[in-house]
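Given only the sequences and the hints, what does the whole structure look like? Please build it.
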Amino acid sequence: MEEKERVFLAKNFKEYYEKHSLRGIPAIEQREFGVGDFGKKIVRRHMFFPGLKELNSFLKESVPPFISYSAAYYKRPSARPMSAKGFMGADLIYEFDADDIKTKCKEEHDSWKCKNPACGAEGKGSVQACPKCGSQVEVKQWFCSECLGAAKEQTFKLVEVLSSELGFEEGISVNFSGKAGFHVHIRSKKAISLSRSARNELIDYLTLNGFDLEAHGFGRAESSMLTCPVLRNAKGIEKRFMERLSSFIENWSAEKLAVHGNIKRARSSFLIKNRNIILEKMKEGILFPIPAEKPETSKKFWNLLIEEALREESIALSIDRQTSVDVHKILRLPGSLHGSTGLVAREVSLEELRAFDPFKDAVVFGSEPVRVFINKAPKFSLGGESFPAFKQTEQELPLNAAVYLVGMGRAVLR
Amino acid sequence: MVLLADLEFAQKFPFSATGKRVIKELGVSFGGLGERAKKSAAERVKSAFRGKPYFQANLEGHRELLESEVLSYPLARVYVSVIGNERLFTGFAKSNEKAALKLLLEERGEDFKIRLARELGVEFEPAGGDGYAVSVPVFLSAGLSDGSMKLVNQRVEKGRVFLDRERFARLLSGIVSVRILESLPVPLEGVPLAVKNEAFELGSALQARQRAVFEKISGKVKPELFPPCMEKLYADLLGGKNLSHLARFDLATFLKAVGMQEEEIGKAFSNAPNYDEKITRYQLKKILRGGRSGRGYSPPTCAKLRSHALCIAKCNVSHPVQYYRQGLREAKSPVQTTPNQASG
Numbered sequence: 001m002e003e004k005e006r007v008f009l010a011k012n013f014k015e016y017y018e019k020h021s022l023r024g025i026p027a028i029e030q031r032e033f034g035v036g037d038f039g040k041k042i043v044r045r046h047m048f049f050p051g052l053k054e055l056n057s058f059l060k061e062s063v064p065p066f067i068s069y070s071a072a073y074y075k076r077p078s079a080r081p082m083s084a085k086g087f088m089g090a091d092l093i094y095e096f097d098a099d100d101i102k103t104k105c106k107e108e109h110d111s112w113k114c115k116n117p118a119c120g121a122e123g124k125g126s127v128q129a130c131p132k133c134g135s136q137v138e139v140k141q142w143f144c145s146e147c148l149g150a151a152k153e154q155t156f157k158l159v160e161v162l163s164s165e166l167g168f169e170e171g172i173s174v175n176f177s178g179k180a181g182f183h184v185h186i187r188s189k190k191a192i193s194l195s196r197s198a199r200n201e202l203i204d205y206l207t208l209n210g211f212d213l214e215a216h217g218f219g220r221a222e223s224s225m226l227t228c229p230v231l232r233n234a235k236g237i238e239k240r241f242m243e244r245l246s247s248f249i250e251n252w253s254a255e256k257l258a259v260h261g262n263i264k265r266a267r268s269s270f271l272i273k274n275r276n277i278i279l280e281k282m283k284e285g286i287l288f289p290i291p292a293e294k295p296e297t298s299k300k301f302w303n304l305l306i307e308e309a310l311r312e313e314s315i316a317l318s319i320d321r322q323t324s325v326d327v328h329k330i331l332r333l334p335g336s337l338h339g340s341t342g343l344v345a346r347e348v349s350l351e352e353l354r355a356f357d358p359f360k361d362a363v364v365f366g367s368e369p370v371r372v373f374i375n376k377a378p379k380f381s382l383g384g385e386s387f388p389a390f391k392q393t394e395q396e397l398p399l400n401a402a403v404y405l406v407g408m409g410r411a412v413l414r
Numbered sequence: 001m002v003l004l005a006d007l008e009f010a011q012k013f014p015f016s017a018t019g020k021r022v023i024k025e026l027g028v029s030f031g032g033l034g035e036r037a038k039k040s041a042a043e044r045v046k047s048a049f050r051g052k053p054y055f056q057a058n059l060e061g062h063r064e065l066l067e068s069e070v071l072s073y074p075l076a077r078v079y080v081s082v083i084g085n086e087r088l089f090t091g092f093a094k095s096n097e098k099a100a101l102k103l104l105l106e107e108r109g110e111d112f113k114i115r116l117a118r119e120l121g122v123e124f125e126p127a128g129g130d131g132y133a134v135s136v137p138v139f140l141s142a143g144l145s146d147g148s149m150k151l152v153n154q155r156v157e158k159g160r161v162f163l164d165r166e167r168f169a170r171l172l173s174g175i176v177s178v179r180i181l182e183s184l185p186v187p188l189e190g191v192p193l194a195v196k197n198e199a200f201e202l203g204s205a206l207q208a209r210q211r212a213v214f215e216k217i218s219g220k221v222k223p224e225l226f227p228p229c230m231e232k233l234y235a236d237l238l239g240g241k242n243l244s245h246l247a248r249f250d251l252a253t254f255l256k257a258v259g260m261q262e263e264e265i266g267k268a269f270s271n272a273p274n275y276d277e278k279i280t281r282y283q284l285k286k287i288l289r290g291g292r293s294g295r296g297y298s299p300p301t302c303a304k305l306r307s308h309a310l311c312i313a314k315c316n317v318s319h320p321v322q323y324y325r326q327g328l329r330e331a332k333s334p335v336q337t338t339p340n341q342a343s344g
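Sequences listed follow chains S and R, in order.
Count the first sequence with our numbering and you get residues 1 to 414, in order.
Count the second sequence with our numbering and you get residues 1 to 344, in order.
Derived from the structure by calculation, the hints contain no laboratory data.
Please read all numbers here as calculations on a predicted model, not as lab measurements.
We treat Cβ as the ideally placed atom computed from N, Cα and C, and that holds for glycine.
Careful: at least some of the hints might be erroneous.
[To be verified] A few chain R residues that face chain S, going by a derived Cβ cut-off under 8 Å, partial list only:
#1 Gly143
#2 Gly147
#3 Ser148
#4 Lys150
#5 Val156
#6 Glu157
#7 Lys158
#8 Ile287
Encoded structure:
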């Protein structure tokens, strides 16, 4: 990013911080802060603020493009190394990033370009390596309501599991990251004092890592009968899972069952006709063998359906393991602006979350006209206005859109 | 006079509240312990070293024998604390965990479980059938992360984990292990010199035996300088224990990184219970000479080991190879205690 663009963003961020002071940061004097610059989200850590006054002064004077704070509480947040800080516990944090969740819209708005100058291949979506020459690629990501919608769904599911299964109903808050994700923050005493191994176990629970079918009552009974958990007694993951499995039998067509279960169409038709018996047996803990088939075929059929149920994204959540287990991680400070978008990283209540549209509800800048030259940007909406895809064109855009495109590196000032 | 029933419970679970109370009531000082108690204490330490359970069965009604057994427990804790080896602490905790588990699994009723839970302060509720319910944080406090005792493999609802008798027994013994480990080393003021000497002798004998076994196999690599995690895995492997695939991978890459030859590593793995020469050779080749670089996979960092639940001590390093190399340096030039020595 060039100086002109830097100054443009800094000026606008400064105006924002001068008009809006951050509030409501619990135990601010026990947190480690870190700031970042364009191109590098964390350049300086181990910062300490004794109170909101000092934090807000800092924001107005230094106008950092990125500012984060620790999930952890320390006796001496600025001490070094980490072990000298006097760790006292940490909030439980889970992050959902639209980056990490596979959605169809990425095929439309993400693009890649081969880094090999001799090759120069490019395309839509994202790939791991250039399909033409195998070199590394540069991926340009973009975000829209669809991919953010997927992150929202995961957030809801997580909150559901945390409260109704794991018993962490208190102290939950959800924060929009300012760009493409949501952080779920649990701040109860119970959560803060969890050990590292406990946090590991929790994330394994949420992502189904180490899930053992046999430990849950799936197994071989006698002859060709497979057992499964009895729905009546099933709790937690088991319950979600058995409900999912039952729904396949209840809702799928004979065609779908045949394909997914790798059985002949005639067999699956028979199963559909006798749905009720099969569902009854399932409730009793038995996976009905397919008549006139070898035991192996029946077993394979049920195992395929079970695998299918496991893949369901309401069963295993797509949470990034690394960041969720690291008790020393720092995360976007709620109330601060995100340097790549100009959007505010704000708390979103669970009631608001359903209808929350960051492209409307996290916009802080107004619509004063600004002239920019746009290299390449997919279509997007911001602040209630829709913008088409732009390529190599000069435009007069509202301030909030200008900040967004400049921050995302897609445009420069004119 | 201590109640016989309490004495019997204390012998089974010397770390319980009853155990502690009985030990106090018996009022014997370290200097006044008989040969039987000392012998049992030594056996407890040897079992801890091997990670095996220790328990003398069939002593019901024999007051004197029970008393020696009960008193051997605090003596063993002192021995272990004097020897001061982190791996031994873990072994001691595990040894007691296994012994407790066996007793809890074998009991015909629920009395031991219920009494032990109450004495450990583990809150639980009966939960229909012959089940128990504990809160999620209580469940997690046992620090269990293996297979059927992982949280992901439990029935969980509204913040409670529902456990059958067997899993409740595993939970309780897991908590026993955590509590014992937290309590080590014990403070050593007032422990007579004679007792400390007994401990030193015991420790030397155990380490000498281990070193002899290691040396035969290890060549120029020094297993006594391994960090506790690798020391345990290596000893377990040589002792014929089954290691998980992850553990084998982590150990093999570590051994290569500290200079063990592929052939020697293969020989070490020949002690595994399901050893197949062809498969082992193939897998080692892949692990040690495959991967993207063609030079094998790199050994795990401490963070990785923690996420594999293989880290067993606080070592102040971030990589097991770092620990080993530091040990090699210190062995070459013994550390002079200088006041300004930077910590690791």
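Can the hint on glycine 147 of chain R be confirmed by a CB-to-CB distance to chain S that is less than 8 Å?
-> Given a least distance of 6 Å, the restraint on glycine 147 of chain R holds.
Interface hint status, lysine 158 of chain R versus chain S (Cβ within 8 Å) | holds (6 Å)
Evaluation of the interface hint that places glycine 143 of chain R against chain S, nearest CB under 8 Å | Holds, about 5 Å.
Answer holds if the nearest beta-carbon of chain S is closer than 8 Å to that of serine 148 of chain R; otherwise answer violated.
-> holds (4 Å)
Interface hint outcome for lysine 150 of chain R [beta carbon to chain S under 8 Å] = holds (5 Å)
Per-residue hint verdict: glutamate 157 of chain R, partner chain S, C-beta under 8 Å | holds (4 Å)
Measuring from the C-beta of isoleucine 287 of chain R to each C-beta in chain S, is the shortest one below 8 Å?
-> Given a least distance of 22 Å, the restraint on isoleucine 287 of chain R is violated.
Satisfaction of the valine 156 of chain R interface hint, Cβ to chain S closer than 8 Å = Check passed: Cβ of valine 156 of chain R comes within 4 Å of chain S, closer than 8 Å.
Hint compliance for this structure: hint 8 alone is broken.
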